[in-house]
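A.B. asks: In order, the protein sequences belong to chains P and L. Residues 1 to 287 in this note's numbering are what the first sequence lists, from first letter to last. Residues 1 to 308 in this note's numbering are what the second sequence lists, from first letter to last.
Treat the hints with care, since some could be wrong.
Result set (DSS-like, lysine-lysine): computed pairs, CA atoms no more than 25 Å apart in a straight line [unchecked claim]:
no.	chain 1	residue 1	chain 2	residue 2
1	P	K81	L	K126
2	L	K125	P	K81
3	L	K183	L	K207
None of these hints come from the bench; they were simulated from the model.
So you can see what is in the structure, the chains are spelled out below.
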Amino acid sequence: MWRENPVFWYHLLGQSRARWYRQRALTVILGGLGLLLYFYLLVQTIRYELDPAIVLILGLLLLCLLTPLGCYALFSMEYEKATWESLAITRLTVDEIVFGKWFSRVLGVLVIVLLLTPIAYIAWVKYMYRPVPFIGWLSAIWMLTAWGVLLVSIGMWLSLRLRHSIASAATLYGVQVFTLLFLPLLTMILLEMATQRGGDMSLTEGMEQGASTWQKLLFWLEMPFDWRCIFWLNPFAALAAVYPDPTNYYLLLQAYGFGWGQGVYYLLFSGLFYLLTRQGVRHHWRK
Amino acid sequence: MLEVKSLRKEFGTLVAVKDISFQLMPGDVFGFIGPNGAGKTTTIKMLATLLEPTAGTATLNGIDIVRYPEEVRPLLGYMPDFFGLYEGITVTEYLEFFAAAYRIPRSQRAQIIQNVLELTDLTVKKDAYVETLSRGMQQRLCLAKSLVHDPLLLLLDEPASGLDPRARIEIKELIRELGAMGKIVLVSSHILPELADFCNKIGIIEKGELLVWGPVEQIIAQLQPARVLQIRLLDDPEPLANYLEGDAHITHLALQNGCVEVHFTGGLEEQAELLARIVRDGFRVVSLTETSLDLEDVFMQITRGEVS
Chain P
1 MWRENPVFWY
11 HLLGQSRARW
21 YRQRALTVIL
31 GGLGLLLYFY
41 LLVQTIRYEL
51 DPAIVLILGL
61 LLLCLLTPLG
71 CYALFSMEYE
81 KATWESLAIT
91 RLTVDEIVFG
101 KWFSRVLGVL
111 VIVLLLTPIA
121 YIAWVKYMYR
131 PVPFIGWLSA
141 IWMLTAWGVL
151 LVSIGMWLSL
161 RLRHSIASAA
171 TLYGVQVFTL
181 LFLPLLTMIL
191 LEMATQRGGD
201 MSLTEGMEQG
211 ASTWQKLLFW
221 LEMPFDWRCI
231 FWLNPFAALA
241 AVYPDPTNYY
251 LLLQAYGFGW
261 GQGVYYLLFS
271 GLFYLLTRQG
281 VRHHWRK
Chain L
1 MLEVKSLRKE
11 FGTLVAVKDI
21 SFQLMPGDVF
31 GFIGPNGAGK
41 TTTIKMLATL
51 LEPTAGTATL
61 NGIDIVRYPE
71 EVRPLLGYMP
81 DFFGLYEGIT
91 VTEYLEFFAA
101 AYRIPRSQRA
111 QIIQNVLELT
121 DLTVKKDAYV
131 ETLSRGMQQR
141 LCLAKSLVHD
151 PLLLLLDEPA
161 SGLDPRARIE
171 IKELIRELGA
181 MGKIVLVSSH
191 ILPELADFCN
201 KIGIIEKGEL
211 LVWGPVEQII
221 AQLQPARVLQ
231 IRLLDDPEPL
241 ANYLEGDAHI
251 THLALQNGCV
261 EVHFTGGLEE
271 QAELLARIVR
281 DGFRVVSLTE
291 TSLDLEDVFM
301 QITRGEVS
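In isolation and in its complexed conformation, chain L is listed as follows (with noise of 0.2 Å):
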């Protein structure tokens, strides 16, 4: 377990992260969003015992990363934003080196390679040098690196920065793919549709502050108490809307896009109801659908587009 308590970072008079606090379960992806300069990579850094915290502190099963880094990092992997790999060595002898590093023993190293070259699915790419590899590819081999020495928390700084859709989706696979197998990866990321995809929990950082964090839907569902309905109609919507107007439950009516908009807050059995009545008193509904707040809308509505 992860456990992130008041951790704060300053540079002179400048507060890079403010006290943040949460706590990640193994099998958690955690998507860290927030917009350049937010804090993210100050953040990731001190979890990767990089940076010393000028206050707080982070446990991760139980030991202090502050006081004991050593102790830590073998429990860590770590692929930072802007990365680089030791250039004229193969991608076998890459991991090797970092195998060595991390003293796997010498009789234990070909297996485990060979099992994060087909979990990082480059295992044809063995013998080349790394330096001819695609930038997918470089980044897939900085994550199978930093899985070498199975570590159970994953700092995942802009994972996909800079990659082109396929190989963009590849990092995704690979990433919940990672969770499912127990690990407790943190992916920091402000391309938000990217996150959507694999993250059970995010934490929304601006200015330092972590303004809110938590599992995606729970989040969600605090952003929206109530349901946003659109209903078509075969005819002009806007009998519907003044038909609406003054429902009990309806708190916000709009027209758009030829359809009538509400933001309900009555139950399932409600929404079937007032379906029923409009039916009845010969509306002719088309469709009615649910639409619900995405990463981008929670984005939006919490933070104020202000860096630290």
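Pulled out of the complex, with its shape left as it was, chain P reads as follows (with noise of 0.2 Å):
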């Protein structure tokens, strides 16, 4: 599927083996450059008591702001750049093409991953004022990739659907900033309305400390019919609570997994989202 697949080598790579080699000094400033930022920060990590919490929401930040860049051209550049037709009548199959883009992009996310891992593990062991169990921090790395992957299906989609860069940029951007942030405080205005005209509406309502499997299993199955999505499949929302302080609210969301919840979710829409892909593809380029 991908060792001599050359989608996937020319979307990993990106350009020429050649000009690596023939713009040697550019290339080990740039990689010197960019070790000595990265150990600039596991250095100012070690020696200062760093949150874990900021940390990795400023990986997540990061995922959020780089992801897209990789993949919102993914198929439209296709179009602009008029070589669909060509690569459509090749031997290559659907799921080649797709798959070799794809997993190209994740690759790119599992790196960036890797590169915050270390330090978000750093950050974690040397925080001793709110100690958060290594379950926890397992869980945000998790959820961090899942959201990653989602980023990269959601890209690949709207790239072959709207068939043109900036307009499939400017979307992703456009939805992540919509579904992030303005339709949370939207809801939280909301609901303090709500609050202040005698309401109750609970993050927590319906859960419970000591709940069985199974109704933690049917919260995570009704999570998306129920308002409280909003916030809770919102991975910056979702990473301030994989981070419980020892108060009974975040004990109780840790106790329902979350983390891991969000995680399966992103990656069931980010498998519908390469299934549509792979279908469209299917379709107009009639492999």
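Combine the two chains into a complex, taking the hints into account.
C.D. replies: See below:
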């Protein structure tokens, strides 16, 4: 699927192998600067007690900003540069084309998460003020990875549907700003108004300490039909919940498998967009 | 062999291609002629398996292109009229990309790439980045890419558009060579003189309808039942025009550019006799030339200048 897949290698490397050899000085300087910056961040994390939640939220922000850059043009560039017809009539299957493009970008997400992991781990080890179980830290990393994969799948689908790189990039960033910022803010305002009028709308309504596994599973299965999904499926809100204070509220969220559950949903949505892309290519490219 | 049978494409109420049929054999270079919007590109896209016909089909070596597009694709090479190249890679890497996409074994790729580079005269540019190539070289690279898997059918949509005269000549030579290699080459163009040089068959399409198709000489013979002879005299041509009027083999007579132009229906024997008679009767003949229709004349006679 990927070893002999030219689409995968072209999108992974992005350009000629020869260019790296020819511009060795530039490659070495840029690579060196990147390494220096990375080690500086590592040292700073070791020296100061950074809040691991802040490190992870910054990592998530980085994912939200960088991932769309890699995937907004995955298919639209084929239309804009008029290369899709030449690609469509080759012997590559629809799975090789879609997987090749998708996997090259998922590897990019994994690289970002892998680079973040040591920093996040050091921050977790050094931070003594508010101890967090290792499993909580691990679930946060899992959720970050799944969110990145979801962004890749949505970006790939948008680039196929919209066929214009600028439009698909703008939509991808726009959707993120709306779902991660505007929608929760709007909901919070409405909730506040409802509370002031005597309403009782709690984010943990129906959740109880000591719930059975079945009840927890049911909670997650009902999540997409619950208004609280605006918050709980928001990775920023969920990330804050993964790092519990020793208060009942956060312990309750952790007991419900927060982080893991969101990750599963992100991967499920990701699978849906992947399949939609596959179907689109199959139909439009007659594969 | 390519056999196109009643191929039809409708876009809503618009009929872009109306039940066209033709057959081509290996070695045929088929000029697909028509004005802009006539349905050339739509037909080519259907043959390239990129567009599904509304009705009809085509077979390549007996394989149905509508029912088995995946089986046909390894047998065809396609060069779109508006094409792009993957940038940031060298010419060799670009061809490696398509060699891998056509599942050519890794061990054979280097040799095949070298061969197509030689054929398309791009060997000196093998390490150049594709975006640095001139338009003409990019056209040749696109053609090279279409040849890496040694296809039987080559579909070239306006291959010489936007090229300078030298690049045009080079592309023409290349297409001629491909025909000689036994490939079926279908070339679309609306620039007729360039097609006349290398096509052995033509098809003229207008408003989605294939008005005529077949060997070039046959079509010209159909359209030109009489030979056109131009007789130039040393003196005033008018007396000769009067002299020839009423001749049984002459269907049309006119004075043109100081010559007498006649449409002559007789054979070569009668033509020789006519010339001898004119000379014997005292007309001082400087030359007698036979002019035949070219593709532009054929196109103008057949088409009405309509688009679908």
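A.B. asks: Now look at each hint and say whether the structure bears it out.
C.D. replies: Hint check:
| no. | hint | verdict |
| --- | --- | --- |
| 1 | P:K81 x L:K126 | holds, 21 Å |
| 2 | L:K125 x P:K81 | holds, 21 Å |
| 3 | L:K183 x L:K207 | violated, 28 Å |
The earlier numbered hint that this structure contradicts is number 3, and it is the only one.
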